[in-house]
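Residues per chain are reported as follows:
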Amino acid sequence: MKSPFAYQPRPAPLQLAAPGAAVAYLGAIVAVAFLYSSPVVLAAAGAAAAIAGLLAGARRAVRVALKMGLALAFLIVVVNALVVSRGETVLARLGEWPLLGQVDVTFEAIVAGLSGGLRAAVAMVAAAVYSACVDPDRVLRVLRPLAGRSALTATLVSRMVPVAAADAGRLRDAGRLRGPAAAPVGRASLARRLLAGSLDRAVDAAATLELRGYGLDAPRARNRRARSRYDRRFYAVAAVVLAAAIAGKALGADDFQTYPEVEIGFGPTTLALAALVALSGLAPLRRRPKRQAIAHPSADGTKTALSKRKSSRRREGGGRGKVARV
Amino acid sequence: MTARRGTAVATALLLAALAAAGCGLGPGADVGDVRLTVTRDFGAVAVLDRSPAARESDTVMRLLEGEADVETRYGGGFVHAIDGVAEGQRGGDPHDWFFYVDGVESPIGAADYELEGGERVWWDYRDWSATNHVPAVVGSWPAPFAGAEHRPVAVECAEPSPGSSRSPGDRKEPQVCAATRRALEAEGVEVASGESGKAIRVLVGTWGRLRLDPTAGLIEDGPAESGVYADFAGGDLVGLDEDGAPVRSFSPAAGLVAATSRYGGLPVWVVTGETPAAVRGAAEALDAEHLRDHYAVAVVNGKSTPLPLGDR
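So the sequences go chain by chain: V and G.
Okay, so the first sequence: first residue is 1 according to the numbering used here, each after it adds one.
Okay, so the second sequence: first residue is 1001 according to the numbering used here, each after it adds one.
One chain only, chain V, in its complex shape (with noise of 0.2 Å):
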């Protein structure tokens, strides 16, 4: 079963955005996430990266990404308790703990592990959402000309690892198939086999690297992808966000206290800044495409607008032709 947070390729605004574009307005999330300790505006900013990935179509990277940020958004909440014992308001006396001292749980440090568990949750959320929404070939390209072999490296990588992993699956299934009454394949013996095969693998890829020519330096235009009709809107995005964080943080929007006592700011920069964050999340809202879209598709639209006219075709008992002549 593939990982939640493996990349599908959808015909959704986030991911046929440049990944400079997608990566900005996913980074001015965090950003805002890291910027601000508010409680409320990281539920905005939470609620604006799982807005963005349930639009993108990651449904799935959003709720394992919540569940598993949320779990250890408890985990900081718990630690965070038993280890401050800061706070005017003592909620438990626990006594002497060997190493930790007097611990005191009070509201205060488990509000303030609360701020720092969210804040981890946000950043989760957004990277799964990144990491399932962001094509990696494109990144990497994009980091060519700017570190060409850290980015062929990580492109071996990405590609060497799920092939060793298949490699296992197979090898597995071949010692399985010797029947019952064959011995059990070894965890050593099979590591060894999948070294050796990704040895020979690695020599037949450097082989095959330097027949094209991967040791000359990268092509600039060949591989330029058009520009998406994306990209302006996420990268409007992250600069309005940005600057609003910025604007907001100067203007005392990060209203929030912890110790020696509770204190959120509702005023109205908080809330205005928290709801501009919010809506954000709905930057990857596609636009239900017009006619005219069909008729005189864009140049990354294209593909999608065709194939769907194309099934639709196929429904109505069209064909290829038809299609070519719109």
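Do not rely on the hints blindly, as some may be mistaken.
Output of the computed footprint for chain V on chain G, the stretches with three or more beta carbons under 8 Å from beta carbons of chain V [stated by the list, open to error]:
no.	stretch
1	1025-1032
2	1090-1103
3	1108-1114
Under 7 Å between C-beta atoms, here's a sample of chain G residues computed to sit facing chain V [said to hold, decoys possible]:
no.	residue
4	E1065
5	G1066
6	T1215
No lab work stands behind these hints, which were simulated from the structure alone.
Note that the structure is predicted; figures quoted are calculated from it, not measured.
Cβ coordinates follow ideal geometry from the N, Cα and C atoms, glycine included.
Dock chain G against the given chain V, drawing on the hints supplied.
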């Protein structure tokens, strides 16, 4: 069914163990009032003086945060600022917040110092260019003698008894030592005579005799060793400033009331002067009016001058 009963028994035992270990819900019961004083410049400027009720879970830090606007550093264990007055350089000299519980510098942080009720907590913002270690102060009088922690108090008289030719049982206590004892007893302190290893010592006598005591003798090594901003030089009591520099030489009639400690031991108070009259004057200044919120005092003609000296 058996497993469920086992879990219930284990839970009950755990809860009983936690309760026995002093655990519980909420901040705990009231343990009594704690006097909280906040000053600046060696007690010269009063900032806050309150007596809030403390509860079982209260620490020095929690008490302070409940009464003043406090900024902390290093995970909340170190006070950076109180009511906006922050640590740092002032006029080229380092300034910081220091606290004393019952007149004794705490060996642990404010966040770890648990209160038991009845303490006198004194926070002072001061110049520590001469020393950052003042082990004991006199400004929380009658603490440490009448503080929350009841320790025996011993008055050690270095003055010769009148009628020393009589047998030891008939000897009368010197007047100055009797005055010191009365001052302590007036605060409800039970005073023992003679030396006692586990007692808070009050040394009474002329400096020529007290300087032989290893702890009192630290005063001659300067504030860095004793935490006392005073010295005896050329037969006079000399007042030092915050930098530890001599500023003023008092008359031979000047007495000194100061507190110090050696190797982190119990505080030792000295009631002294160059002359018996000076010692008497110092002994008569053992009250809150003369000592309150001072690190040490020089007493001349019944009037006390706080030490260290300076343009505070």
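Hints, one by one, checked against the model:
no.	hint	in the structure
1	1025-1032	holds (count 4)
2	1090-1103	violated (count 0)
3	1108-1114	holds (count 3)
4	E1065	holds (4 Å)
5	G1066	holds (6 Å)
6	T1215	violated (31 Å)
Consistency with the previously given hints fails for numbers 2 and 6, ordered from lowest to highest.
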